[in-house]
Amino acid sequence: AQKITQTQPGMFVQEKEAVTLDCTYDTSDPSYGLFWYKQPSSGEMIFLIYQGSYDQQNATEGRYSLNFQKARKSANLVISASQLGDSAMYFCAMREGRTGNQFYFGTGTSLTVIP
Amino acid sequence: DAGITQSPRHKVTETGTPVTLRCHQTENHRYMYWYRQDPGHGLRLIHYSYGVKDTDKGEVSDGYSVSRSKTEDFLLTLESATSSQTSVYFCAISRTGEVEETQYFGPGTRLLVL
Chain A
1208 AQKITQTQPG
1218 MFVQEKEAVT
1228 LDCTYDTSDP
1238 SYGLFWYKQP
1248 SSGEMIFLIY
1258 QGSYDQQNAT
1268 EGRYSLNFQK
1278 ARKSANLVIS
1288 ASQLGDSAMY
1298 FCAMREGRTG
1308 NQFYFGTGTS
1318 LTVIP
Chain B
21 DAGITQSPRH
31 KVTETGTPVT
41 LRCHQTENHR
51 YMYWYRQDPG
61 HGLRLIHYSY
71 GVKDTDKGEV
81 SDGYSVSRSK
91 TEDFLLTLES
101 ATSSQTSVYF
111 CAISRTGEVE
121 ETQYFGPGTR
131 LLVL
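Protein chains in written order, with this note's numbering: chain A, 1208 to 1322; chain B, 21 to 134.
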């Protein structure tokens, strides 16, 4: 079974609108971390936001927030007030407490912001 | 900027030749990782290191070996490159192995095996 599933290969959003990128995960480990990365066309991987399995509140970092629904095993990324520079690939990743060093990545979602 | 460099940044080689990719970090982090990125697969872990001369296999380790003789350098070797190893290779680092710590990535190396 896939550890991380991103079901949206491509998404479009109008500039200044909000967009949600979906991510579901699969683990039996009670301790885990969820991460989102951005990969622009230049190729680098940029860390955006982190959510811990024991965190009671959803993580936020500027225009990024993580909609964490533990019972549904989902960790959706919400980008508010989209900007043209948000056009990129977005990857969801998970790290399990038990294995520690194995990061599992989803296949990514390509986001295009339309002016 | 996590102080990670990768070399070379681009390489074209022929099937059957050995290839070594280098990852260099300047911040003395204990953990270093090698990933490959392929369309439709996201990033997959090849090998990682948790200290000098301490390495372990990841999800897609067949055909790859690694070495870490110094804290700052982590080498990935393709003993005999195959076309299926054409990919973008990323090095990553983290300070500890704790679950809440993110990994920071180098700029990547594009490898084409003809």
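Everything labelled a hint here was simulated from the structure, so no lab data went into it. Don't take every hint at face value.
[What the hints assert, rightly or not] Only part of the chain A face toward chain B is listed, based on derived beta-carbon distances under 8 Å: (1) 1208; (2) 1237; (3) 1242; (4) 1251; (5) 1298; (6) 1312; (7) 1313; (8) 1315.
[Said to hold, decoys possible] Derived contacts from chain B toward chain A, CB cut-off under 10 Å, selection only: (9) 27; (10) 38; (11) 46; (12) 53; (13) 63; (14) 68; (15) 70; (16) 93; (17) 105; (18) 106; (19) 108; (20) 112; (21) 122; (22) 124; (23) 125; (24) 128.
Glycine is no exception: its CB is placed at the ideal position from the N, C-alpha and C atoms.
Going through the hints against the structure:
1. 1208: Hint violated; residue 1208 (chain A) Cβ to chain B Cβ min 14 Å, cut 8 Å.
2. 1237: violated, 11 Å
3. 1242: Cβ of residue 1242 (chain A) sits 6 Å from chain B, so the hint holds.
4. 1251: holds, 6 Å
5. 1298: holds, 6 Å
6. 1312: Hint holds; residue 1312 (chain A) Cβ to chain B Cβ min 4 Å, cut 8 Å.
7. 1313: Interface hint status for residue 1313 (chain A): holds (5 Å vs cutoff 8 Å).
8. 1315: Holds, because the Cβ-Cβ distance from residue 1315 (chain A) to chain B comes to roughly 6 Å (cut-off 8 Å).
9. 27: violated, 15 Å
10. 38: violated, 25 Å
11. 46: violated, 17 Å
12. 53: Constraint on residue 53 (chain B) satisfied, holds at 7 Å.
13. 63: Since the shortest Cβ distance to chain A is 4 Å, the answer is holds.
14. 68: Residue 68 (chain B) check passes; min Cβ-Cβ to chain A is 5 Å, inside 10 Å.
15. 70: Status holds, d = 7 Å.
16. 93: violated, 18 Å
17. 105: violated, 18 Å
18. 106: Not OK, violated: residue 106 (chain B) not within 10 Å of chain A, min 15 Å.
19. 108: This hint holds: residue 108 (chain B) lies near chain A, its Cβ roughly 7 Å from the closest one there, short of 10 Å.
20. 112: Check passed: Cβ of residue 112 (chain B) comes within 8 Å of chain A, closer than 10 Å.
21. 122: Given a least distance of 5 Å, the restraint on residue 122 (chain B) holds.
22. 124: holds, 7 Å
23. 125: holds, 4 Å
24. 128: holds, 5 Å
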